[in-house]
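Protein chains: 2
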Amino acid sequence: MTSIEKVRTNDPEGLKSRVIEAAFRAFTTRGFNATGVQDLLRTIGVSGGAYSHHFASKKDLALAVITNSVVSAVDKSWIAPVNAADSTKQGVRAVFRKLIDSLERAGTIFGCPLNNLALELSTQDPDIRAAIDEVFSHWRDELTKKIRRDQSRGLLKHLVAEDAATFIIATYSGAMAMAKASGSTRPLQICSKQLVSYLS
Amino acid sequence: MTSIEKVRTNDPEGLKSRVIEAAFRAFTTRGFNATGVQDLLRTIGVSGGAYSHHFASKKDLALAVITNSVVSAVDKSWIAPVNAADSTKQGVRAVFRKLIDSLERAGTIFGCPLNNLALELSTQDPDIRAAIDEVFSHWRDELTKKIRRDQSRGLLKHLVAEDAATFIIATYSGAMAMAKASGSTRPLQICSKQLVSYLS
Numbered sequence: 001m002t003s004i005e006k007v008r009t010n011d012p013e014g015l016k017s018r019v020i021e022a023a024f025r026a027f028t029t030r031g032f033n034a035t036g037v038q039d040l041l042r043t044i045g046v047s048g049g050a051y052s053h054h055f056a057s058k059k060d061l062a063l064a065v066i067t068n069s070v071v072s073a074v075d076k077s078w079i080a081p082v083n084a085a086d087s088t089k090q091g092v093r094a095v096f097r098k099l100i101d102s103l104e105r106a107g108t109i110f111g112c113p114l115n116n117l118a119l120e121l122s123t124q125d126p127d128i129r130a131a132i133d134e135v136f137s138h139w140r141d142e143l144t145k146k147i148r149r150d151q152s153r154g155l156l157k158h159l160v161a162e163d164a165a166t167f168i169i170a171t172y173s174g175a176m177a178m179a180k181a182s183g184s185t186r187p188l189q190i191c192s193k194q195l196v197s198y199l200s
Numbered sequence: 001m002t003s004i005e006k007v008r009t010n011d012p013e014g015l016k017s018r019v020i021e022a023a024f025r026a027f028t029t030r031g032f033n034a035t036g037v038q039d040l041l042r043t044i045g046v047s048g049g050a051y052s053h054h055f056a057s058k059k060d061l062a063l064a065v066i067t068n069s070v071v072s073a074v075d076k077s078w079i080a081p082v083n084a085a086d087s088t089k090q091g092v093r094a095v096f097r098k099l100i101d102s103l104e105r106a107g108t109i110f111g112c113p114l115n116n117l118a119l120e121l122s123t124q125d126p127d128i129r130a131a132i133d134e135v136f137s138h139w140r141d142e143l144t145k146k147i148r149r150d151q152s153r154g155l156l157k158h159l160v161a162e163d164a165a166t167f168i169i170a171t172y173s174g175a176m177a178m179a180k181a182s183g184s185t186r187p188l189q190i191c192s193k194q195l196v197s198y199l200s
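Heads up: the protein sequence lines correspond to chains A and B, in order.
Under the working numbering, read the first sequence as residues 1 to 200, first letter to last.
Under the working numbering, read the second sequence as residues 1 to 200, first letter to last.
Just to be clear, a hint being listed does not mean it is correct.
A pair counts as met if it fits within one copy or between any two copies, since identical chains are not told apart.
What the hints assert, rightly or not - Only pairs whose alpha carbons sit at most 25 Å apart, straight line, appear in this in silico DSS-like list of lysine-lysine:
| hint | residue 1 | residue 2 |
| --- | --- | --- |
| 1 | 193 | 89 |
| 2 | 193 | 145 |
| 3 | 59 | 193 |
| 4 | 89 | 157 |
| 5 | 157 | 193 |
| 6 | 76 | 157 |
| 7 | 98 | 193 |
What the hints contain is simulated information worked out from the structure, not anything from laboratory work.
Could you build all of it, start to finish, from the sequences and the hints given here?
Right, here's the structure in full:
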């Protein structure tokens, strides 16, 4: 056993984070139901006992993935860049451009982690559905605030801020599903252009 | 055994359709990976032997569900009503309205069958991904033709028909995912209104 592994074994929060991070990757790339917990633990070298200490069930693991990794992914890929941009329009354009670039470099399109889990799990469990809905609400609220800031500067006066935020998220989520199905970023490119024109 | 069951047993194509129909329902409501073939066969009273005569694998069953039931669902819920409407705008409004009504009557929102399968299976198998992509393409092509017919009558001149079709499908698919996550038709209502304004 190397010293790094030893430190990790003696660091329950580090171990918990590693399990969540690995589960996030597996759920995003393969899906929740297609991921076996035993396989997951084997790939990261965590024992069933150590795992059970943190997660009473696979549902608990799903909830931890949603409230940690999925929230972080939405914050990092959407909310932070939109808030940092001069306007909602420029923010949305920047988010799509960065995403399209990174998908083209990666080669495979696994889709939006939130959307993947939403479609797979929303009708399977009410607590998971509520956790997923909370991430969508957080995302929509942050976009709404950005649109309102634009409106206070005289921009986007023709839009109802909250409806526009829902519309942007829906279009993005669906474009990502079509990109995943077509194995191409073209639906994202098209929808980015349409949204930028909607926000002009 | 009643005479109806006897007829069905002696009717391989009828049996095949019954399996596809039951699988479509199960994949849409629970998901592909969460559906066990043995459970499915038990609920419709079909033997493993009769099933194996038609489907060599669960993948074969998924392909049959996509090329039969999912194509029919898209035709019935989207393509036929849009083609029957006076304009793309009126067609899109009618499709959303009918869908929202039926979801509110049903109570539970299982989401769009195509989108559910696209997100769950596109990266799991290349043949399934291709079949799903073909349904999206068919849907987009039919909407594109409708928009072009509007354009030949002087409507929607500001839009690139194929891009607008992709945008409509993406927005609908994402709105359905958000509706499923929120357990409410509100995202569909909002996106319908935004799309109708986009098509005005």
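Cα distance capped at 25 Å. Does residue 193 pair with residue 89 within a copy, between copies, both, or neither? This pair counts as both: shortest intra-copy Cα distance 10 Å, inter-copy 20 Å.
At most 25 Å between C-alpha atoms: does residue 157 with residue 193 qualify within a copy, between copies, both, or neither? Classified as both: same-chain Cα gap 20 Å, cross-chain 17 Å, threshold 25 Å.
Homomeric proximity label, residue 98 with residue 193: Cα distance no greater than 25 Å: For residue 98 and residue 193, the Cα distance is within 25 Å only inside one copy (14 Å; across copies 29 Å).
At most 25 Å between CA atoms: does that hold for residue 76 and residue 157 within a copy, between copies, both, or neither? Neither, since 28 Å and 38 Å both go past 25 Å.
What label fits residue 89 with residue 157 when the C-alpha limit is 25 Å: within, between, both, or neither? This pair counts as both: shortest intra-copy Cα distance 13 Å, inter-copy 23 Å.
Checking an output row: residue 193 and residue 145, CA cutoff 25 Å. Within, between, both or neither? both (22 Å within a copy, 21 Å between copies)
Intra- versus inter-copy proximity for residue 193 and residue 59 (alpha-carbon distance at most 25 Å): neither (38 Å within a copy, 36 Å between copies)
Hint violations for this structure: numbers 3 and 6, all remaining hints satisfied.
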